[in-house]
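J.: Sequence:
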Amino acid sequence: MALKGYLDHSVSIEVLIDAYQEKRDVELDYVKALTDYQESLLKYDDKLDRVLTQH
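First residue of the sequence shown? That's -6 in our numbering, and the numbers climb one at a time after it.
To be clear, the hints were calculated from the coordinates, so they are not data collected in a lab. For every residue, glycine included, the Cβ atom is placed at its ideal position computed from N, Cα and C. Please note that the accuracy of each hint is not assured.
Simulated restraints, written as ranges between beta carbons of each label pair [said to hold, decoys possible]:
#: 1; residue 1: D1; residue 2: D22; range: 32 to 38 Å
#: 2; residue 1: D1; residue 2: D38; range: 56 to 62 Å
#: 3; residue 1: L45; residue 2: V8; range: 51 to 57 Å
#: 4; residue 1: E7; residue 2: D38; range: 44 to 50 Å
#: 5; residue 1: L27; residue 2: G(-2); range: 30 to 36 Å
#: 6; residue 1: K(-3); residue 2: Q31; range: 49 to 55 Å
#: 7; residue 1: A26; residue 2: Q47; range: 28 to 34 Å
#: 8; residue 1: V4; residue 2: R43; range: 53 to 59 Å
#: 9; residue 1: R17; residue 2: D42; range: 36 to 42 Å
#: 10; residue 1: L(-4); residue 2: D18; range: 33 to 39 Å
#: 11; residue 1: L9; residue 2: D39; range: 42 to 48 Å
#: 12; residue 1: A(-5); residue 2: E32; range: 54 to 60 Å
#: 13; residue 1: L41; residue 2: V19; range: 30 to 36 Å
Sequences are here, hints too, so could you generate the full structure?
T.: Below you can see the structure in the form of structure tokens.
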């Protein structure tokens, strides 16, 4: 009886794996967005340096 109650309230390993993979995908998307943002800031900084050194 206790085992049946436990099994009725447990989560399958597939559900856990899917949830982990979704979380991982979101984190990877976030890291990519931050990386893209950092690259654009570096490009902007390079352009700003060129403009400031010309004047």
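J.: Any hints from earlier that this structure breaks? Give me their numbers in increasing order, please.
T.: Hint 5 contradicted; others consistent.
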